[in-house]
Amino acid sequence: MVLILALPPVGLSGQQAQSASSATSRYQAPVISDTGDLKGPRQPIFFRHDIHAGQDQIPCMYCHYSASIASEPGIPSLQTCIGCHQLIGGSTPSHQAEIKKVRDAWRERKPPEWIRIHALPGFVRFPHMRHIKRLGTESCVTCHGEVKTMAQVSQVSTLKMGWCVRCHVENKVSRDCSVCHY
Amino acid sequence: MTEPINRRRFLKVLGVTGAGTAAVSACGIGPEPTERLIPYLIQPEDQIPGIATYYATTCRECAAGCGVRVRVREGRAVKLEGNPDSPINRGRLCSRGQAAIQGLYNPDRVQHPMVRNATGGGSLEAIDWDGAIQRLSAKVAEARGTGIVFLTGAEASSFGDLVDEWMRQVGGRRLSYEAFGFDALRAGNRMAFGTASLPTYDFANAKYLLSFGADFLDTWLSPVEFQNGFSRAHAFDGGRSASMAKFVYVGPRLSLTGMNADEWIGVRPGSEGALALAMAQVVVSRRLARVPADASRLSAVLSAHTPRAVAEEIGIEQDVIVRLATEFARSGGGLAVSGGIATQYANGAEIVAAVNILNYVVGSVGTLVKFGADLAAGSTNSFADIAALTSDMAAGKVGLLFVHGTNPAHSLPGAFQQALGKVGYKVSFSSFMDDTTAACDMILPDHHPLEQWADSRPRAGVTAFQQPVVQPVFDTKQTGDVVLRLAGRSGTFQDYLQAKHRTGRGAGFDQFWMDTLAKGGTYGDAPTRAVRLSTDLAAAVPPLQQERGSGGEDKQDVVVFPHPVLHDGRGANKPWLQELPDPVSKIAWHSWVEVHPDTAARWGLATGDFLVLTSDFGSQKFPTWITPSVRPDTLAVPTGQGHTAYGRYAQDRSANAFELLDRKANAYGGRTFAVSATATKTGEHRKIVTTEGSPRERGRGTVEVLGVARAKALHAGDHPFHHEETPEYAAEAVAWWAERQHEKAELGDYRGEQPRWGLAIDLSKCTGCSACVTACYAENNIATVGEDLMQRGREMSWLRLERYWLTDEHGEPQGAVNSPMLCQQCGNAPCEPVCPVYAAYHTPDGLNGQVYNRCVGTRYCSNNCPYKVRYFNWYNYAEREGAYEAWPEPLSMLLNPDVTVREKGVMEKCTFCVQRIRGAQNQARLEDRNVRDGDIVTACQQTCPSDAIVFGDLNDRRSLVYQLAGNPRGYHVLAGLNTKPAITYLARVVAQDTPSHG
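Those protein sequence lines, which keep their order, are chains A and B.
Residue numbering for the first sequence follows numbering that gives the first Met the number 0, beginning at 0 and increasing consecutively.
Residue numbering for the second sequence follows numbering that gives the first Met the number 0, beginning at 0 and increasing consecutively.
None of these hints come from the bench; they were simulated from the model.
Treat each hint with caution, since some may be false.
Pulled from the structure, derived: some chain A residues nowhere near chain B, Cβ distances all over 12 Å [unchecked claim]:
1. 26
2. 34
3. 89
4. 97
5. 126
One-sided excerpt, in silico: chain B residues whose CB lies under 7 Å from chain A [to be verified]:
6. 35
7. 46
8. 47
9. 136
10. 166
11. 169
12. 748
13. 843
14. 848
15. 850
16. 851
17. 855
18. 859
19. 913
20. 922
Quick caveat, the model's predicted, so the values are computed rather than measured.
Every residue, glycine too, gets a C-beta built ideally from N, C-alpha and C.
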């Protein structure tokens with residue numbers, strides 16, 4: 000019988016290691032010349048969470064505003080992007096090229112098709128607002144990892160049930176099946 | 000530690016061995032990253048992902064004009080609920096209203112304009128909107144002078160006004176047609192009171208109800224409103240003086256309305272008027288009520304109708320007539336209504352006039368029967384007008400015909416269909432390929448009512464608005480816009496509508512418009528118009544001898560009645576309505592003919608044997624349903640089925656009962672729905688599709704019935720049914736169970752205070768209308784399985800209505816008790832301990848949880864459930880293009896995103912809308928509070944027109960459900976099994992003192 004369990008290493012990529020030392024000083028997003036090494040799927044636009052959320056310190060809730068009030072965090076509309084990028088054109092040619100994609104998409108009224116990274120099976124309900132209410136608006140890292148330092152977002156948690164339940168047990172909150180499964 | 004191999008352990012071991020092979024493909028984390036997330040370009044202001052938005056609009060499934068609120072999630076309409084602001088339906092909805100959304104996302108909608116190809120064999124082909132309108136403009140110019148007719152449904156609205164304006168402009172005329180019109184009511188009101196309008200009826204304040212065939216709970220005028228009023232008058236509410244109005248139903252068969260009666264008078268068809276006059280005669284001659292002075296005019300009419308003179312004609316005893324008259328008059332609030340089948344005989348108008356006289360002599364006209372509302376349902380053209388149109392068409396006098404919102408080729412099968420062929424050019428605005436549309440030359444599909452701007456005037460004082468709640472699903476166009484363009488006028492129909500309502504409002508208009516859209520309409524009281532008895536009453540005397548067709552001995556009286564959910568057939572393309580068992584017969588997906596057991600025995604018929612009914616006008620074949628709820632000398636068939644087109648759910652299904660009917664109008668200009676016909680056995684047989692297990696409950700305590708005297712004598716703390724709970728032999732088991740509960744309570748989530756969710760269902764209020772069933776399908780993504788699987792008992796209906804006949808001392812049915820049967824959320828549930836994988840388990844808040852992703856489909860739980868309320872997915876009903884696909888595109892757009900769509904091999908059942916419980920809990924926590932009583936409303940409770948269902952926390956002593964659970968009438972179904980259900984049923988109370996059932 001073939002029994003190969005390929006478990007990829009979790010949460011130890013180069014960019015995340017860098018972030019450990021910059022807890023107090025302002026985070027500087029690295030210059031990335033070769034995107035081939037980055038973890039996670041390549042997106043239609045090289046949107047850098049590490050620049051937006053890390054270097055520029057835009058709160059997660061600025062774009063994913065519904066996470067604190069609804070079960071779904073939502074993907075920001077293109078209008079949200081253009082709100083800033085009408086004026087901000089980027090400082091380097093590579094940034095300018097990516098921002099141009101955003102502006103083109105806006106002009107052509109054709110939103111980008113992002114590749115979904117975090118997904119739960121259809122029989123699981125995850126109310127984002129309950130978790131943020133309890134753990135605070137900075138608690139996204141608990142499940143999504145240090146997105147602030149990710150040039151390209153990848154999944155760091157398994158998002159499997161055992162992983163959910165471990166946290167529920169530690170925090171002494173309900174682990175009744177019908178809280179999530181209905 | 001060695002564990003004995005029990006069932007659970009065995010499956011665990013099995014699971015580990017099997018997992019090895021699966022692990023190879025399941026390596027890595029997360030799903031394959033192929034899903035795409037497409038953001039909004041500009042996010043709509045009122046759309047937040049994960050949060051539902053509600054829009055107020057109006058239901059257009061019938062002319063009643065109920066207000067609805069549409070729940071929209073991420074741009075999709077997922078559920079309709081009644082609008083509490085509307086004075087008509089007060090937040091409730093019927094099955095047909097609930098299912099309107101299946102029209103919006105119907106897979107068989109006409110998706111774009113089409114035109115019949117003149118050359119290529121006359122097939123329909125796609126055309127663009129501009130091209131179609133240009134072509135049609137030319138046709139209109141061409142047809143001027145050759146007869147232009149615009150046929151609509153009941154359309155008392157701005158759209159109707161616009162069409163009228165346009166028809167005047169092009170020299171045409173508009174007619175409106177409903178298959179079940181109210182011609183007899185208008186004619187009868189004119190006879191008795193000199194006004195051809197329709198009044199409103201105040202059921203809520205009546206103290207005695209008498210219906211002459213009027214099916215006011217299922218199809219008559221405004222069923223949701225009337226049911227709400229009826230339950231307030233007829234339900235038992237602890238001896239309040241206004242409650243427990245006795246309800247007597249007069250008619251040849253028990254309809255949904257009839258089976259809620261306390262007494263059934265099965266008179267000979269057509270003799271209802273004689274009964275009403277005989278009752279009036281008793282009231283006047285014995286001075287049982289304060290008779291209005293001008294009633295003296297009636298003396299000639301009434302003296303011909305003494306009980307002695309007419310008893311034989313009616314087919315009931317004289318003293319019954321006297322008793323009914325006495326009860327009716329002495330109640331001090333008698334309301335008699337006539338409609339349905341009683342008004343569809345050739346003497347229907349006279350019957351209405353007779354019932355009007357009965358109301359008049361007891362003083363109910365002006366108090367309970369209020370003229371002045373002028374219901375829009377009565378605004379349609381008479382059947383005589385439609386028959387005249389048909390002749391005009393057949394004679395080639397109609398050059399151009401437009402059809403909108405009605406399907407005459409189905410309800411007038413022979414005549415209209417043939418006449419259609421003689422019309423120069425036929426244009427349909429239907430968004431469905433119905434029987435009429437299929438014969439048209441051009442199809443310009445209208446938006447669904449949920450995609451439209453519109454208004455309607457269901458009654459004086461009320462204007463109900465419609466606003467688009469979703470983007471159009473297909474390339475359809477609002478007919479109002481098309482008409483404006485054809486008329487050469489600028490602007491859209493929305494502008495037209497606003498302009499109409501802007502008049503006289505000046506600067507305040509914008510605020511008015513926003514407020515009105517938010518509320519769903521403008522709601523005012525209708526003015527009450529006093530009416531007096533007409534001076535010429537001789538015409539109101541119903542002929543004593545009812546004409547009996549042309550046939551001889553071998554002919555049967557056949558009545559054709561509107562199907563309670565499919566109505567005139569318009570509901571037939573909606574799978575929820577097809578799969579919803581008819582509330583009386585419990586038959587789904589096909590028509591039937593009702594035959595009395597005595598007649599069936601005489602003819603040697605069994606249920607399911609086909610009978611061919613042949614009238615002078617047509618012949619159709621129906622399977623027999625043997626039932627005591629129809630007179631022995633009468634056969635009854637429902638309309639609704641037998642479409643020649645109208646999509647995959649409706650087409651070629653069963654037989655069209657309209658085929659049997661006369662195409663000519665009768666004396667008062669209406670249509671006669673009773674015919675005489677021969678019935679012939681064909682020797683064929685089919686298994687009927689029914690959910691009925693047994694018509695009787697055989698003393699098992701499934702339903703409990705109390706006589707009114709006994710019910711009134713009950714005091715708080717009485718428990719007339721509780722002797723059945725926990726019999727002695729179960730005491731030991733109960734003690735053991737209590738100990739287990741104690742142990743359990745020490746574990747994790749089960750510790751501490753928890754709610755215990757429960758339901759109270761008042762059988763005195765439940766009418767069996769089944770609105771809750773459709774609401775449950777809509778809320779919980781329940782699959783429709785289709786005719787074949789339903790025939791094999793594989794329907795998924797989490798909530799079903801069980802109907803048990805109530806019988807008198809002779810065993811004759813006098814009505815029925817209806818009991819909604821759903822998961823009882825037992826405290827000591829038989830399903831839980833037998834589940835090998837803990838998919839069926841007890842939640843801390845007292846539900847019998849069902850974890851779909853754990854379920855492996857052993858079906859042990861279903862075998863062990865004494866209530867039979869667990870349903871198994873035999874197929875993958877969500878599979879694209881699958882053999883039993885329940886949601887073909889775009890029907891899947893109405894799926895509730897808060898509820899898992901179950902897969903093949905999974906058991907499912909009611910969990911008290913656990914998604915609504917969790918939603919309310921989430922919301923309460925966000926607001927730093929606890930869930931309050933009334934925060935959680937289950938889908939069945941929300942829609943119930945008679946308020947029979949109440950949900951809440953049984954551990955909260957201030958909750959309504961706690962109070963109801965302690966009601967002396969309360970009982971638990973099969974309580975002797977010691978299942979400790981969370982549902983308390985409140986016994987049905989009937990007017991007889993010694994009721995018997997089963």
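We went through each hint and held it up to the structure:
1. 26: The assertion about residue 26 of chain A holds, with a minimum of 26 Å to chain B.
2. 34: 16 Å, holds
3. 89: With a cut-off of 12 Å, residue 89 of chain A remains clear of chain B, as the shortest Cβ separation is near 20 Å.
4. 97: For residue 97 of chain A, whose nearest Cβ neighbour in chain B is about 16 Å away, the distance exceeds 12 Å, so it holds.
5. 126: For residue 126 of chain A, whose nearest Cβ neighbour in chain B is about 5 Å away, the distance does not exceed 12 Å, so it is violated.
6. 35: Result: holds, 4 Å to nearest chain A Cβ.
7. 46: Violated, because the Cβ-Cβ distance from residue 46 of chain B to chain A comes to roughly 10 Å (cut-off 7 Å).
8. 47: 5 Å, holds
9. 136: 33 Å, violated
10. 166: 41 Å, violated
11. 169: This hint is violated: residue 169 of chain B lies away from chain A, its Cβ roughly 40 Å from the closest one there, beyond 7 Å.
12. 748: 5 Å, holds
13. 843: 6 Å, holds
14. 848: At about 4 Å, which falls below the 7 Å cut-off, the nearest Cβ of chain A leaves the hint on residue 848 of chain B intact, so it holds.
15. 850: 5 Å, holds
16. 851: 5 Å, holds
17. 855: Interface hint status for residue 855 of chain B: violated (14 Å vs cutoff 7 Å).
18. 859: 18 Å, violated
19. 913: 5 Å, holds
20. 922: Since chain A brings no Cβ nearer than about 9 Å to residue 922 of chain B, farther than 7 Å, the hint is violated.
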